[in-house]
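Spelled out from the first residue to the last, the chains are:
Number of protein chains: 2
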Amino acid sequence: VTFFAQVMYDFSAEPGNNELTVKEGETVTVLNQNVGGGWIEAQNSRGESGLVPEDYLQVSVCFLLLFFKQLCETFPRVHCCCCCLQVANGDNPWSGGGTYTNKTMGDVGPVWLYPQSPLDCVVADPKKGSKMYGLKSYIEYQVTPNTTNRPVNHRYKHFDWLYERLLEKFGSAIPIPSLPDKQVTGRFEEEFIKMRMERLQGWMCRMCRHPVVSNSDVFQLFLTYRDEKEWKTGKRRAEKDECVGPMVFSLIDPEAPELDIIEVEQKCELFSRFTKEMDDGVKDLLNVGNIHWKRCTGPLRKEYQKIGKAFQNLSSVFNTSGYTGEATLTDALTAAGKTYEEISQIVAEQPRKDLHFLMETNNEYKGLLGCFPDTIGVHKAAIEKVREGDKMVAAGKINTQDKGTMAKRISIMCYSLQAEMNHFHSNRIYDYNRVMQLYLEEQIRFYETRGRIL
Amino acid sequence: VTFFAQVMYDFSAEPGNNELTVKEGETVTVLNQNVGGGWIEAQNSRGESGLVPEDYLQVSVCFLLLFFKQLCETFPRVHCCCCCLQVANGDNPWSGGGTYTNKTMGDVGPVWLYPQSPLDCVVADPKKGSKMYGLKSYIEYQVTPNTTNRPVNHRYKHFDWLYERLLEKFGSAIPIPSLPDKQVTGRFEEEFIKMRMERLQGWMCRMCRHPVVSNSDVFQLFLTYRDEKEWKTGKRRAEKDECVGPMVFSLIDPEAPELDIIEVEQKCELFSRFTKEMDDGVKDLLNVGNIHWKRCTGPLRKEYQKIGKAFQNLSSVFNTSGYTGEATLTDALTAAGKTYEEISQIVAEQPRKDLHFLMETNNEYKGLLGCFPDTIGVHKAAIEKVREGDKMVAAGKINTQDKGTMAKRISIMCYSLQAEMNHFHSNRIYDYNRVMQLYLEEQIRFYETRGRIL
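Sequence order for the protein chains is A and B. Each residue of the first sequence is one higher than the last, beginning at 1 in the UniProt record's numbering. Each residue of the second sequence is one higher than the last, beginning at 1 in the UniProt record's numbering.
Here are the computed lysine-lysine pairs in the DSSO-like style, where the Cα-Cα straight-line distance is at most 30 angstroms:
#: 1; chain 1: B; residue 1: K302; chain 2: A; residue 2: K353
#: 2; chain 1: A; residue 1: K366; chain 2: B; residue 2: K309
#: 3; chain 1: A; residue 1: K23; chain 2: A; residue 2: K338
#: 4; chain 1: A; residue 1: K309; chain 2: B; residue 2: K267
#: 5; chain 1: A; residue 1: K353; chain 2: B; residue 2: K309
#: 6; chain 1: B; residue 1: K283; chain 2: A; residue 2: K338
#: 7; chain 1: B; residue 1: K353; chain 2: A; residue 2: K309
Treat the hints as calculated values from the structure; they're not laboratory data.
Model the full assembly from the supplied sequences, consistent with the hints where possible.
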């Protein structure tokens with residue numbers, strides 16, 4: 001490790017004292033910081049060394065580096081693997097056989113019952129495949145779940161099929177975010193394939209993280225089918241599944257007393273407002289992020305390029321002066337010009353490194369938040385119905401037993417929605433901690449690593 | 001001086017060995033770099049200290065800082081006072097009494113005879129004055145030459161008068177750059193007065209640096225008049241000066257053999273092309289500089305502000321979640337938002353610090369370069385006349401003696417133009433070295449000093 005320090009004031013060495021004369025602005029290498037008595041042993045660029053008063057030196061620090069380092073440390077550390085979200089399970093976790101369950105938990109109210117080891121999968125290795133004797137070609141992705149560790153292959157249209165199934169089955173209770181955009185042009189270009197794979201990975205991770213979705217037959221089929229036959233049979237069964245839409249609530253057994261409907265309504269209202277406001281906030285961030293991205297890769301890059309060109313151009317003109325003794329100036333001007341061209345490239349490449357992940361995460365959240373109005377709508381309509389229960393009994397439309405069943409059903413829906421809210425919040429905190437950390441780490445890397453390369 | 005280092009890999013201390021356990025990404029303070037054996041004594045943020053392998057640490061360096069430091073060192077050092085330009089005078093400098101002289105010199109050809117100690121002046125202390133019982137008000141600047149050290153007061157219109165005199169007297173031989181713009185609106189605003197003063201200072205410096213201009217009666221009068229009477233008398237005399245325009249060449253005594261007219265023409269052509277190309281280069285740099293300035297103070301500032309606002313906004317929304325345990329995230333998001341707002345301010349203030357001087361110098365050069373076509377035009381016309389000399393003698397328009405006088409006059413003009421070219425080149429090299437150094441130093445200061453403030 002070599003330390004550099006900058007000289008702040010001129011210092012003249014006293015002869016015979018092993019001191020070093022230094023000039024303001026000079027950069028010296030620190031040989032020994034522990035000489036004591038307020039002295040530091042330093043070496044100048046000509047290789048001469050000696051003592052310099054400590055107060056005459058300062059260490060070069062980059063304020064942006066400091067800024068981002070301090071910031072980065074304020075975010076709580078999270079691990080950066082994909083699906084490692086761990087929600088505290090409380091004591092005595094209880095899982096009810098084949099039905100999805102949830103249970104009341106400490107501070108936050110109802111939560112889903114999370115599996116001890118969370119499901120995860122890796123989407124990788126996109127390969128071009130073809131059928132009908134090469135007439136039709138497509139891209140196949142390898143999906144490997146951490147449970148079987150056995151890869152299965154899927155095309156985009158299979159993911160799309162899975163999405164449709166999940167939406168149909170869970171859409172009333174759980175927001176199922178859309179898949180990354182369908183897109184036909186550039187479908188086989190490397191950049192596009194990489195981007196789509198990354199987004200499919202993100203989508204799969206989110207689904208894996210959801211204890212209800214990830215535990216469903218159709219999701220398990222998608223991840224673990226062993227051969228074409230099993231896949232086709234499973235597909236047919238899933239398409240015939242009748243436990244879809246509101247029916248899904250019948251699978252949930254809260255094993256808990258009915259919730260207070262007033263409190264549930266308030267929470268629901270709060271959450272509804274929250275998701276709307278977060279949606280605005282996320283869209284706002286995406287908007288400025290996009291503008292900044294475009295400015296960095298467009299006008300700003302061009303501007304630094306132009307500054308670089310202007311310096312180099314001036315240098316060329318100066319070279320034609322026919323006047324002697326300006327080689328140092330023209331060389332330096334050319335170097336300055338080249339540095340600015342380099343900076344222009346670095347600036348243009350940066351968004352793909354730092355903004356990219358921030359944008360991707362917020363895009364995912366934009367999709368997710370877009371699902372909530374429907375989920376909440378189903379819920380509100382149901383509560384309305386319970387409210388009208390007495391009238392309906394009076395009008396003879398339903399009997400008291402029906403009303404009781406309805407109330408119980410609503411209670412289950414309430415549990416489910418609240419578990420979903422809590423699932424959303426804990427994921428959100430995890431995701432935003434992670435994305436901010438990655439973003440700031442990239443800022444730090446931006447300033448730091450290039451220093452090592454030079 | 002405190003040195004920080006960043007931990008690159010995890011390191012587990014062996015018990016009893018005075019070692020320190022550190023984690024990748026952690027920042028430690030270096031207590032002793034000279035422990036030896038590949039070890040460094042470091043302290044972590046909790047105040048614990050111990051030995052860490054040297055290879056596990058790296059020093060934080062900011063690549064931009066490195067870039068600019070390296071660049072800055074490539075430019076030859078020049079002192080940053082105003083008029084300290086020193087042109088080597090060669091041996092045996094010869095000055096002829098009251099006439100302006102020049103002499104041949106080593107590599108570059110004819111140069112003006114420069115005074116041993118260059119003239120300089122300081123324009124400072126703008127004060128509002130008024131006359132006609134306060135009906136008319138104006139700004140008066142204090143001008144103090146380094147020869148008398150006695151300040152004299154001048155209004156802008158006096159500078160303008162001086163400019164007119166110098167243009168009339170020397171315009172055929174020496175490019176006299178225009179004064180900073182006349183401007184009526186905002187004439188008494190602080191910003192404007194400061195800017196005008198700075199530009200008047202720049203203009204005066206350039207005039208002081210010119211050995212012929214600075215030695216003239218009218219320029220000396222402007223700098224050293226002792227009272228209103230002396231000023232008025234001097235003014236009247238200067239306005240009646242008949243040694244103006246081409247007549248000024250009669251004041252120059254090259255005391256040297258006639259120059260080769262072909263060579264002079266070639267040099268003149270080269271210089272003409274050079275000034276045209278430099279003019280383009282300077283305008284180009286001014287253009288991108290202006291665009292960059294506007295982007296920094298306008299869209300870029302707003303963009304960083306918006307990013308900052310978007311983070312803070314998201315933080316506020318998150319605060320309304322009603323979910324427990326996200327205070328760390330929202331605090332960190334708010335901090336990130338505030339940092340970006342701070343960065344936006346810093347970015348917006350930067351051009352005034354770094355670009356400003358680069359722009360001012362190039363603006364000055366734009367003005368100066370604009371004068372050359374006229375100066376060169378006068379010269380070319382004169383050469384043409386000498387060419388026609390024989391014809392004119394044959395046609396009886398002039399006699400042989402006239403032709404000889406004419407040839408001698410042209411020779412003087414050639415000396416003068418070449419001295420002027422050399423004056424321009426040496427000043428240009430000095431100015432651009434200086435301005436690039438200041439510019440790069442400001443870049444370094446931009447990244448560095450804020451580190452100390454924090």
